[in-house]
Amino acid sequence: MNYTSTSQAQQQEMLATIGVSNIDELFAVIPDESRLKRELDIPGAMSELELQREILSRAALNTGAHTHACFMGGGAYDHFIPSFIDQMISRGEFLTAYTPYQGEASQGSLQAFFEFQSQITRLTGMEIANASLYEGASAAAEAVLMAINVTNKTGILVAETIHPDYRKVIETAISDLPVELMTVPATDGVVTPDAVRKLADDRTACFVQASPNCFGLIEDWEGCFEALKESEKKGSDPLAISIFNPTACALLKTPGDCGADVAVGEGQPLGIPLSFGGPYLGLYAAKKKFMRKMPGRLVGQTDDAYGRRDFALSHQTREQHIRGAKATSNVCTNQGLLALRATMYMTAMGPEGIRDVAEQSWHKAHYAASEIEKLEDYELWKPGEFFHEFAVKCPVPAEKVVNHGKSMGLLPGVAISADNYGRLGSTNALMIAVTEKRTREEIDLLVRCLKEAKKL
Amino acid sequence: MNYTSTSQAQQQEMLATIGVSNIDELFAVIPDESRLKRELDIPGAMSELELQREILSRAALNTGAHTHACFMGGGAYDHFIPSFIDQMISRGEFLTAYTPYQGEASQGSLQAFFEFQSQITRLTGMEIANASLYEGASAAAEAVLMAINVTNKTGILVAETIHPDYRKVIETAISDLPVELMTVPATDGVVTPDAVRKLADDRTACFVQASPNCFGLIEDWEGCFEALKESEKKGSDPLAISIFNPTACALLKTPGDCGADVAVGEGQPLGIPLSFGGPYLGLYAAKKKFMRKMPGRLVGQTDDAYGRRDFALSHQTREQHIRGAKATSNVCTNQGLLALRATMYMTAMGPEGIRDVAEQSWHKAHYAASEIEKLEDYELWKPGEFFHEFAVKCPVPAEKVVNHGKSMGLLPGVAISADNYGRLGSTNALMIAVTEKRTREEIDLLVRCLKEAKKL
Amino acid sequence: MSTVTNPTTADLNPSTREHELSRNEKESLPTIFEKDSPGARAIMFPKLDVPKTEIPASIGGSTPNWPAMPQLSVIRHYTHLSQRNFSIDGNFYPLGSCTMKYNPRINEFAAAQPGLAQIHPLQDDDDLQGALSLLYDTRKMLEEIAGLDEACLQPAAGAHGEYTALKTMRAYYRDSGQAQRSVVFAPSNAHGTNPASCAMCGAGAVSVKVTEQGYTDMDDLKRLIDLHGPDQIAGIMITNPNTNGIFDKYILEVSDLIHQVGGLVYLDGANMNACLGKTTPGLFGADMMHYNVHKTFSTPHGCGGPGGGPIVVRDFLAPYLPAPQIEKDEDGRYFLDYNRPKSIGKVRSFVTQFGIMVRCWTYIRSCGNTGLRDVAEQAVLNANYIAALLKDRFEMPFFDPSEGRFAAHEFVTVPEHLLAKGIKLDDIAKRLLDYGIHAPTMHWPIINCLMVEPTETEPKFVLERFARVLHQIADEIESDPSIVQNAPTSTPVKRIDVVAGDRKPQLVWES
Amino acid sequence: MSTVTNPTTADLNPSTREHELSRNEKESLPTIFEKDSPGARAIMFPKLDVPKTEIPASIGGSTPNWPAMPQLSVIRHYTHLSQRNFSIDGNFYPLGSCTMKYNPRINEFAAAQPGLAQIHPLQDDDDLQGALSLLYDTRKMLEEIAGLDEACLQPAAGAHGEYTALKTMRAYYRDSGQAQRSVVFAPSNAHGTNPASCAMCGAGAVSVKVTEQGYTDMDDLKRLIDLHGPDQIAGIMITNPNTNGIFDKYILEVSDLIHQVGGLVYLDGANMNACLGKTTPGLFGADMMHYNVHKTFSTPHGCGGPGGGPIVVRDFLAPYLPAPQIEKDEDGRYFLDYNRPKSIGKVRSFVTQFGIMVRCWTYIRSCGNTGLRDVAEQAVLNANYIAALLKDRFEMPFFDPSEGRFAAHEFVTVPEHLLAKGIKLDDIAKRLLDYGIHAPTMHWPIINCLMVEPTETEPKFVLERFARVLHQIADEIESDPSIVQNAPTSTPVKRIDVVAGDRKPQLVWES
Ligand SMILES: Cc1ncc(COP(=O)(O)O)c(C=O)c1O
Ligand SMILES: Cc1ncc(COP(=O)(O)O)c(C=O)c1O
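Residue numbers (our numbering), protein chains in the order written: chain A, 4 to 459; chain B, 4 to 459; chain C, -8 to 502; chain D, -8 to 502.
It is worth saying that the hints were derived from the structure and are not from the lab. Please note that a few of the clues may not be correct.
Listed next, the in silico DSS-like pairs over lysine-lysine satisfying Cα-Cα at most 30 Å (straight line) [unchecked claim]:
{"#": "1", "chain 1": "D", "residue 1": "LYS412", "chain 2": "C", "residue 2": "LYS38"}
{"#": "2", "chain 1": "A", "residue 1": "LYS291", "chain 2": "A", "residue 2": "LYS237"}
{"#": "3", "chain 1": "C", "residue 1": "LYS495", "chain 2": "C", "residue 2": "LYS485"}
{"#": "4", "chain 1": "A", "residue 1": "LYS256", "chain 2": "D", "residue 2": "LYS38"}
{"#": "5", "chain 1": "B", "residue 1": "LYS290", "chain 2": "C", "residue 2": "LYS495"}
{"#": "6", "chain 1": "C", "residue 1": "LYS415", "chain 2": "B", "residue 2": "LYS454"}
{"#": "7", "chain 1": "D", "residue 1": "LYS319", "chain 2": "A", "residue 2": "LYS409"}
{"#": "8", "chain 1": "A", "residue 1": "LYS256", "chain 2": "D", "residue 2": "LYS412"}
{"#": "9", "chain 1": "C", "residue 1": "LYS200", "chain 2": "B", "residue 2": "LYS329"}
{"#": "10", "chain 1": "D", "residue 1": "LYS415", "chain 2": "A", "residue 2": "LYS40"}
{"#": "11", "chain 1": "A", "residue 1": "LYS292", "chain 2": "D", "residue 2": "LYS495"}
{"#": "12", "chain 1": "B", "residue 1": "LYS40", "chain 2": "D", "residue 2": "LYS38"}
{"#": "13", "chain 1": "D", "residue 1": "LYS131", "chain 2": "A", "residue 2": "LYS329"}
{"#": "14", "chain 1": "B", "residue 1": "LYS237", "chain 2": "B", "residue 2": "LYS290"}
{"#": "15", "chain 1": "A", "residue 1": "LYS329", "chain 2": "D", "residue 2": "LYS382"}
{"#": "16", "chain 1": "C", "residue 1": "LYS415", "chain 2": "B", "residue 2": "LYS40"}
{"#": "17", "chain 1": "A", "residue 1": "LYS403", "chain 2": "D", "residue 2": "LYS319"}
{"#": "18", "chain 1": "A", "residue 1": "LYS296", "chain 2": "D", "residue 2": "LYS495"}
{"#": "19", "chain 1": "C", "residue 1": "LYS213", "chain 2": "B", "residue 2": "LYS329"}
{"#": "20", "chain 1": "B", "residue 1": "LYS457", "chain 2": "B", "residue 2": "LYS377"}
{"#": "21", "chain 1": "D", "residue 1": "LYS43", "chain 2": "A", "residue 2": "LYS457"}
{"#": "22", "chain 1": "C", "residue 1": "LYS319", "chain 2": "B", "residue 2": "LYS409"}
{"#": "23", "chain 1": "C", "residue 1": "LYS333", "chain 2": "C", "residue 2": "LYS415"}
{"#": "24", "chain 1": "C", "residue 1": "LYS43", "chain 2": "B", "residue 2": "LYS377"}
{"#": "25", "chain 1": "A", "residue 1": "LYS329", "chain 2": "D", "residue 2": "LYS200"}
{"#": "26", "chain 1": "A", "residue 1": "LYS377", "chain 2": "D", "residue 2": "LYS43"}
Just so it is clear, the structure is predicted and the values come from calculations on it, not from any experiment.
Make the full structure from the sequences, and use the hints.
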């Protein structure tokens, strides 16, 4: 079923109008040696009935948050999603519209993106925000590229404690550029202002710091960004780039509160399903002065021919389709529908609702941590405040705990070994995330799981 | 969460405008002894998060067509449903609209119902159809009531082989009326024209016959209706009422082909989920001459003030809100959204698609029957042609087969014992329905199940 | 057909274009019968994987006939159709007696779960404990809210509930040697389904007068009892709050009187939204009642249905209810009980509008005990608030705060002063559509009235805007009646000629 | 705020009403910031069931601030917003180079399955064999359709694919001692992402001329190779069929030339819809390519995204692709392979736009091998058909059947004759909106052009109507240009002043 509907008789009529006798004449320009003279080696067509069956049977091979109580985080969190979102987002007028270049025919998406931008700025305490990038890590890389572009400097300071994937994506992004990445080392799992002070100098373009960081710990953005800004005296004007978690922003100090120039983050917690890591939502907010340097689409409020308020894409001259090689980024297709999900989520939850999510996640995570600390041979791996995720040092390899948990209907967390955390990892370290969705019963079961795993 | 949103301060403003000081003043008229002075004894409010959890856990306690290959029928069939229907039907403009009394604000539903009526007439070979009744059995009862009303006669002939539930619903419907129900006996599982001839006389109001009947057998509508009409000579003008299966209509002779005056049926096979028996869809079609006697809403094509085509409810003077006790029926709320599902299904499938469903169901059911017949000690219970459902006589109680099937991932069929089929049932009889959704593999598994069950 | 494949001028005029309609389109939309794509298929099937069996000519028929469409055209067709409807999701919908409250999406989530939507009605009880538990809970909660003893979930809508209850009532009388009792009273403002249901049950519906203040006319009731003879009285069908939008002051007197003569009181529960947690039918004398779960319990109206009409009755009537009943044994196992020898039988196939009951359960559990009471309070407050904002200009026979006469959850207005300007009630209703507001219920229970029910889920600003719009329409009528007489102007079609439709009925597509 | 709670005249004028908008509403819709319902909650949470832990003041922040809304208002807001969009589901959408084909709903069904939508990206491979099998299949099918060796599913969109491929290319050169190769050619009609991606990879994008007939200018390419020096050439990014809507006649010459100087050929796969099963990039010389699965493979555009930009490369480039790769071992077990020592690293978190790849799998398996070829054939036929219907009146520089020059799956027209009447290209585009048709791509690849891509899923009658409408618009321009100059008139807003928006930018709500 390929969704075409033109009958052979109709095709003949069309060919006659064009003035050819068969479809292959239209392809005549393709050089003979470039023609595919066999059938593609992929299976034959399937009916929708067969597809439904096949998809259900593949899906049945997976366990996940739908079958197990999920304590996994590491950048993707199992939050509650209001039921209406799936139904609303599947409206064809949202699902099947293109980028809103034709403003008159796209006021729906434009206004939604404008509201999204406004909500993100209010959530992060920043001045402006774009209408989405691919996902968190590449948004962070875009921030670094903007910093290079804005400052014309070469020193990229990155906190040791940003998530290893974010670091890799930044490394890849700058790999062909004449800049240098320097790691700001952590003490007890967080970076200190002193460590920043030591490395920031007249070549510094930016400093990137995540809070919560890759151990779930809350970093001292305020102190570190202040330390960074001291390098102004050394003749640079580096950008403070914060990587934030949008849920945490409703409870803790925001990037804006702490003096960030740019705030990037993964928007998945805002009503987006886990979906094996994508499609997610890259959030990008900044100070107003970077408006013309920012990547991604911006929607602005404007007027129509009758002077009535409406919305349109703004500052398109920053973008690749106008500016080509001089564009602020190559991004074109973004994550529009996910931004819509996020704005629906934020509107429905309201600030109080997001605050509830953040508070309950906080309290439940802290309850879990305190119960785990009571267990013999288990301890929190790092000191310091955390939000809703924390690292536990287990007396056995974390894999063992994870496997035991599965048999109990749990996904106990993310084992952060050298495999995924490199030097930062440890065979016995388990990252546990607790969202508002987890019940006390499930947390208690997790604690039992840890207790039992030790003895296996 | 009760979905209200008025704050206490707003309530105070509103009360002040009304001129009272608290809400209870508005309820003052309720006599003291009629006031509920305690809290309702039902649980406290639940959040959506808790509801999602609770619903999923209750749903998980059920097995069904989503977990087992379903060979159950008996009035509800596991057919393929195109994926788009669920998404389209959940559009608020369909889901949350009222009955289309305000035509200008309801052209969407009106046109859809008009198209539905038109498709049902073409499917059944009848001249007109209404926009739905509750479900099949009560639609059959409505047909009998119309026959009484139209003919002013008292004899209700009912084929012995209509589904026992339909019979019960008809019995209940006429229980307070001065009419008499007579059973037309079956021979080898079907009613013969002769049997009809014997009972039809000058008092006959109607004759009700289902095909496929309660054994899945195809009845001789044509012959029986002709025999019925012979009673015209005896001074009556009875109505031939056929109970049809809409899928079968795409393959077999239709009620219209066979001279039915009224055709009623269960519309569930037209894209409606099994959903434990409801909400389903009562189909009601008739000859044009019964237009003013029919129950249920009718949508007609008409014009607006500019003479442009539009649609409106038609012949409302038949209905209870205009005619009260003289209405053709008491029906008010009907099954609108299910009629929408059905018309979406019929439009998407197209006549060829429904024919495919009917043909594949036919061939697969006949394959299953022939394989079962090859089994030792199993046989088809009744001779005669069947459509997609047939009764098997098992060497063991049918319950045993059913239970064995469950352990193999099958719902092997409906055991038609005295419990549900009364005199027509048999402990060892199993009704097996095979739709286009069943694969040869599943059918072969069913055959194995029967074979094994014998030995348990 | 020709509109589809051949260019026509209509096709090319932006205001009468045919196939690709923007959402502002105000013209007729082609029917599926005008959209042929020969040979197209929106859905295909797998190749048959079993041997074929010939279909005997004696039983075989022909394939039905309507145009084929590709999947894209199907999607567009229904998308365009949907865009031509008002709905709660898009519009304020103050239809009196219809309780057009918000339909929560968690309800839809619930009913769509495969473990609920894909279960067969004839599976064994043991395999459906989750489903049966939901039904059992629902049954019990409906009993509690009614203040009555036993619920039956079988009826598919309110009218079906009336019918089922009347059948139950008559079976009870037959069984207790009072088969002669066949007179059923209903106030003159009763909903049309009440007398129609009586008729279906062979019971004579006798209309009782309503007083000027909108209550049951006790004198008339007494007169009628005498007239028909006390031992002929089966009972009364009464709506409370009644369709005049007020709690019937004499409800206890009415039920006492009926009970005294040996009759039964049936409560038409369409207006239960005003009662939830504040009173129960049991407390004001009802012996039986129906709910409209599509009103009170937020299940969607779906362009006219499906609904749910569960009934609840007192103990002594329970044996006559349709079978099966949903029960729970001592071990906590749920089961369907078919063993009801005195039952009236069945009023439908299978057990109930299951998907609707799942939504009903979800809603009641969402609200919770005090939340339901708050629903009733807010619904009543909202109705009175609008009434108060309008009363200076819109005559309200049954609303007078100065005399302590308040509305329940809805109110009735007969705008005589405006009608005196020569306009028709319809004109006001159609003009409301231009403001994006669905018309209230019209001409019922009184000729020339509007019956306004805002429901509890509308925010205050929506109520205020509605009042302002009605004032504005009153201004329009006073300054230039043609404005409302030409309404609606912003709907996809202009004023529809319903009468013409009835004169030359065309109920199916004719090409 | 005041618009919400206080009556204003605007609020009462049907044509400027504020809160309850019918679908014909042509006025501004209030933003969420104008819809405060103080204290309202659309969603509530359960009571906390664990002891509280105090939040230290040193880290605590304040609650963000925007208005609360009840659930009904939320639903209405997004329902109303949606009604202000054109979409494939509602409109013909002939956007050149965007391949706005029908987005099948079975794709959405697939991606929404809990077993696919609720799996965590860091679960063990063994617990995700279903998910990994879908990705592995997708990878293999994309390799086959490309005629290249190894696919990488990581990139989130076409531009991201370009970026990933260029990074891969540069890593390959570095690893093979040719780090100096940094000149990347792109024809002057290349999509803006091509040079922008080059810039992000520190590669100089050099523009190559296009001939009058729309092909790559071979002479210019040779000249540029000489100019920059053969050993400086990293490669060329080429789109084929190109953005002039034609298969590049010289594609083999181009790739041979680039290969001769040691460069690589990158195929921008935006136009793969015209190639499916008819040719492969591998067969015309590409070494690497990206797909836009939101174009070719029917995943929805979602108001701008998400997309998917998987790339496929030849064997010798594969070691440099991002990790992880989806693999299958001898036992048929699927796993993620992180062991790629030469990999460029990562271009995103986790593995891929999983939900999009599920839709892509579903679509490819739905079409099947020959079905994909038929897609390409119908897409090309449809484009040529429209071009043929329009060519007498709309100048087409690259379409001339009499000379055997046909369109691929899209075509470009520069309506000079009409523009000469004093109208702007925009006027035609906006006038199309009035007919319910989305505007084609404009001013690209040539100033003043329309680029029309109908896709294969549009039925013939839609193509014909589009042609008729364009003829009609031409008539309008010839008779009275003001008609098109004042367009659109039937959209919710009139012609938007984009320039003003850029002058006084307001990018967030200010109350
Ligand atoms: C007072 C009253 N009674 C009965 C009914 C009939 O209920 P249903 O439409 O559910 O059959 C209605 C419905 O509008 C009603 O308002
Ligand atoms: C030719 C061409 N190349 C590249 C792109 C960019 O792809 P994406 O939007 O998926 O990033 C596009 C998108 O429109 C395109 O048309």
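Against the structure, the hints:
1. LYS412(D) to LYS38(C): violated, 57 Å
2. LYS291(A) to LYS237(A): holds, 25 Å
3. LYS495(C) to LYS485(C): The hint holds at about 19 Å.
4. LYS256(A) to LYS38(D): holds, 25 Å
5. LYS290(B) to LYS495(C): Holds: LYS290(B) and LYS495(C) sit about 17 Å apart, inside 30 Å.
6. LYS415(C) to LYS454(B): violated, 74 Å
7. LYS319(D) to LYS409(A): holds, 23 Å
8. LYS256(A) to LYS412(D): This hinted pair is violated, its Cα atoms lying about 60 Å apart.
9. LYS200(C) to LYS329(B): Distance ~19 Å between LYS200(C) and LYS329(B) Cα, so the pair holds.
10. LYS415(D) to LYS40(A): Violated, because 45 Å separates the two Cα atoms, which is more than 30 Å.
11. LYS292(A) to LYS495(D): Roughly 14 Å separates the two Cα atoms, so the pair holds.
12. LYS40(B) to LYS38(D): Cα-Cα ~26 Å, so holds.
13. LYS131(D) to LYS329(A): violated, 36 Å
14. LYS237(B) to LYS290(B): holds, 22 Å
15. LYS329(A) to LYS382(D): The given pair, whose Cα atoms are some 36 Å apart, is violated under the 30 Å limit.
16. LYS415(C) to LYS40(B): Violated - the C-alpha atoms of LYS40(B) and LYS415(C) are around 45 Å apart, more than 30 Å.
17. LYS403(A) to LYS319(D): Distance ~25 Å between LYS403(A) and LYS319(D) Cα, so the pair holds.
18. LYS296(A) to LYS495(D): holds, 17 Å
19. LYS213(C) to LYS329(B): Measuring from Cα to Cα gives roughly 25 Å; hence the hint holds.
20. LYS457(B) to LYS377(B): holds, 14 Å
21. LYS43(D) to LYS457(A): holds, 28 Å
22. LYS319(C) to LYS409(B): Holds. LYS319(C) to LYS409(B) sits at ~23 Å (cutoff 30 Å).
23. LYS333(C) to LYS415(C): violated, 52 Å
24. LYS43(C) to LYS377(B): Judged against 30 Å, a Cα distance of about 17 Å means the pair holds.
25. LYS329(A) to LYS200(D): holds, 19 Å
26. LYS377(A) to LYS43(D): holds, 17 Å
In this structure, the hints that do not hold are numbers 1, 6, 8, 10, 13, 15, 16, 23, in rising order.
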